[in-house]
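Sequence order for the protein chains is U and E.
Residue 1 is where the first sequence starts when you use the numbering used here, and the numbers rise one by one after that.
Residue 1 is where the second sequence starts when you use the numbering used here, and the numbers rise one by one after that.
Do not rely on the hints blindly, as some may be mistaken.
Stated by the list, open to error - Between beta-carbon pairs, the in silico distance windows are: (1) U:Lys388 x E:Glu119: 54 to 62 Å; (2) E:Asp244 x U:Lys144: 35 to 43 Å; (3) E:Gln211 x U:Phe224: 50 to 58 Å.
Keep in mind that the hints were calculated from the coordinates and are not lab data.
Don't be surprised by glycine CBs; every beta carbon is placed ideally from N, CA and C.
Chain by chain, the residues:
2 protein chains.
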Amino acid sequence: MQSKLIVQKYGGSSVGDVGRIERVCDKIISYAKKGNKLAVVVSAMGDTTDELIELAKKINPNPEEREMDMLISTGEQISSALLAMAIHKRGHEAISFTGSQVGIITDKYHTKAKILKIETDRIKKELTAGKIVIVAGFQGKSTKSEITTLGRGGSDLSAVALAVALGADMCEIYTDVEGIYTADPRIIKNAKKLSFITFDEMLELAARGAQVMQTRAVEVGKKFNMPIYVKSSFSEKEGTVIMDKLPHIEESVVRGVALTENEAKITICDVPDKPGIAARIFNDLARESVNIDMIVQNVSHKKMTDISFTVPKDKIAKTLKVSKKIADNIGAGGIISDEAIAKVSVVGVGMKSQSGVAAKCFSCLAKHKINIEMISTSEISISCVVKKDLGKEALKVLHKEFGLDKIKG
Amino acid sequence: MQSKLIVQKYGGSSVGDVGRIERVCDKIISYAKKGNKLAVVVSAMGDTTDELIELAKKINPNPEEREMDMLISTGEQISSALLAMAIHKRGHEAISFTGSQVGIITDKYHTKAKILKIETDRIKKELTAGKIVIVAGFQGKSTKSEITTLGRGGSDLSAVALAVALGADMCEIYTDVEGIYTADPRIIKNAKKLSFITFDEMLELAARGAQVMQTRAVEVGKKFNMPIYVKSSFSEKEGTVIMDKLPHIEESVVRGVALTENEAKITICDVPDKPGIAARIFNDLARESVNIDMIVQNVSHKKMTDISFTVPKDKIAKTLKVSKKIADNIGAGGIISDEAIAKVSVVGVGMKSQSGVAAKCFSCLAKHKINIEMISTSEISISCVVKKDLGKEALKVLHKEFGLDKIKG
Chain U
1 MQSKLIVQKY
11 GGSSVGDVGR
21 IERVCDKIIS
31 YAKKGNKLAV
41 VVSAMGDTTD
51 ELIELAKKIN
61 PNPEEREMDM
71 LISTGEQISS
81 ALLAMAIHKR
91 GHEAISFTGS
101 QVGIITDKYH
111 TKAKILKIET
121 DRIKKELTAG
131 KIVIVAGFQG
141 KSTKSEITTL
151 GRGGSDLSAV
161 ALAVALGADM
171 CEIYTDVEGI
181 YTADPRIIKN
191 AKKLSFITFD
201 EMLELAARGA
211 QVMQTRAVEV
221 GKKFNMPIYV
231 KSSFSEKEGT
241 VIMDKLPHIE
251 ESVVRGVALT
261 ENEAKITICD
271 VPDKPGIAAR
281 IFNDLARESV
291 NIDMIVQNVS
301 HKKMTDISFT
311 VPKDKIAKTL
321 KVSKKIADNI
331 GAGGIISDEA
341 IAKVSVVGVG
351 MKSQSGVAAK
361 CFSCLAKHKI
371 NIEMISTSEI
381 SISCVVKKDL
391 GKEALKVLHK
401 EFGLDKIKG
Chain E
1 MQSKLIVQKY
11 GGSSVGDVGR
21 IERVCDKIIS
31 YAKKGNKLAV
41 VVSAMGDTTD
51 ELIELAKKIN
61 PNPEEREMDM
71 LISTGEQISS
81 ALLAMAIHKR
91 GHEAISFTGS
101 QVGIITDKYH
111 TKAKILKIET
121 DRIKKELTAG
131 KIVIVAGFQG
141 KSTKSEITTL
151 GRGGSDLSAV
161 ALAVALGADM
171 CEIYTDVEGI
181 YTADPRIIKN
191 AKKLSFITFD
201 EMLELAARGA
211 QVMQTRAVEV
221 GKKFNMPIYV
231 KSSFSEKEGT
241 VIMDKLPHIE
251 ESVVRGVALT
261 ENEAKITICD
271 VPDKPGIAAR
281 IFNDLARESV
291 NIDMIVQNVS
301 HKKMTDISFT
311 VPKDKIAKTL
321 KVSKKIADNI
331 GAGGIISDEA
341 IAKVSVVGVG
351 MKSQSGVAAK
361 CFSCLAKHKI
371 NIEMISTSEI
381 SISCVVKKDL
391 GKEALKVLHK
401 EFGLDKIKG
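Make the full structure from the sequences, and use the hints.
Okay, here's the thing in structure tokens:
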């Protein structure tokens, strides 16, 4: 059997306590025994990061981001050292590294740094020497030699970027779910695990509410065509490979559905129907770092128009403040916000070449008396905003309509 | 008032929780407001280090020392980041550094590294920019770019070494006691706090059982003549300055007494009285890293001699093993170990020039019917081994005999 270079990543719940660290350790060693070279990226144990953040907030509600990175980067340093110790105990060679030590070089934007490059000399030397290399995830060193962190879910990014830099054969993400499903299995009982999904589908599902992998990690995978294998660290079941193209000859058009209840709908009423006004609204919001998702401009009447869009719920206050200012300025009628909405989406790369998916989606919802308030489409997805209390029902009927309960991986 | 460069060190109990960190923060700012430049060395919060060690031992009873350093160095990184955040909140500028970042370069002996040099460029730059610099104590970076730690009490050493490297005006050690006393105040109620003590006296007291400052830190202070001011972080009372020479014109001969119950007496009986045998015993023990303290060779009879020495209690098993081997080899009679001993010592630089201290010491103990089992002397100290249950009584009578209850600082 051919020896492979594999990058594995274990999330916080996979190394949540001593027993789990030992289980992960056994898993790692079983791969090493097959002759594979292994670089293992590890998150902080359980809720360590949240606990450190909470401690910081007690001392300073607005801690400086550089110091925040000094603080929270310790979580992964701890878990990686412990994992190395567990491997030693089982008689295998291992060495742990912080992000700084292993040469994960980032820009200087603390708590949300981007990886610029990875210097792989040290890690390659240790791999060649036969050691299992353990890397503290979520962190790096800025070009100014400061400790940086990569933002929520950053260990996924560390793993994929490291796999790319090392030219690994595969990047495996071990998590607390068994893979990527056609829908959230907590809502749709007969959701099916997919054996394969494309990077684009994964990105689209993530953007529409599926929370399995960090989006930036999938983007890096797509950019460098590094296959990512998502599987459970608690079972031996097969997971899902995220890859460039599906290996199937024929594929189902829709591959998954997603639901999010984290957005709110904002409507600016009676906007004078002049060119450039929509652009101005969205420029101003962008300047305040508010990411707008769906935008709908209603049919105008008496030279007036209503502009609606959705924003993440935690940005409502900021959005209303900015919108109010603009509304006053351009003489708009007023602003309405509605938090009681849900967004349901259907996603699939096959939609590019297949017509009628939107029509099927809308008639399905109509048939079930679910009113659509907003619609937006991309090349490979259709999203509909519905009343919040109908969101789960909408997800269910769409899942069934597109035959996802009978899909074969 | 002239601005000074001060290095301060706060121990683990001084930063044990959020409230204590805030109190330390207020203290630091009060010094900064007087126009002083401050570099602050901080230990891990409360029992963090012990908790991390315990966690490691659960995973691997004999963890590799390099990984141990990766693990336990996080404690100081956390407390220094939190302290910087607390200072920011009060509107002052501060920046925290790990030992690696700040250029504390050590040898490669993990968990007990020695400081080789300190590169002060970065720290000087931040001090010049008006920032309070917070340094994670107890740690450094080896010449092989690995994270190292300096051993128990290592933050004291970080502080003194940093003060030397920066050419600071003073090194202040804030701890949970108010200074150096003529005896342990928990045993001798009327023990007096000394305003000044020499490096040599402090080293001698530490070696004889007084546990205020790390010995290596005092040695560095002595070597570079850096005065060390030991005081409480919980009160405003004056502490004790450890310095080269006492400022007094006349000084009391004995400056302190110390007691330790952590040693055991080992006797190798009926050793053939030939040259080189004692040397052989102590060489073999040294090779096993057993530090012997007092050595007494009893009067020989029939060309036989008894050799007794004391060792730390946690080295008894190892010592007995080595001694047994040697005893068999040289045809000695047998080995006796006695853990029920205490060692009481009187210390003072004035003893160099004053005779009769030993005599006074022995008669005092005799007067109180305390039998002396072993005696050893150095230039500035006399130590006597007595029965364990008489140790505290011996300490008390000697403290009184040498007038330490009436000493003036």
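Each hint tested on the structure:
1. U:Lys388 x E:Glu119: 54 to 62 Å: Taking Cβ atoms as reference, U:Lys388 and E:Glu119 lie about 59 Å apart, which means the hint holds.
2. E:Asp244 x U:Lys144: 35 to 43 Å: Once the Cβ atoms are compared, 41 Å apart, the range 35 to 43 Å for U:Lys144 and E:Asp244 holds.
3. E:Gln211 x U:Phe224: 50 to 58 Å: Roughly 57 Å apart at Cβ, these two residues keep to the hinted range, so it holds.
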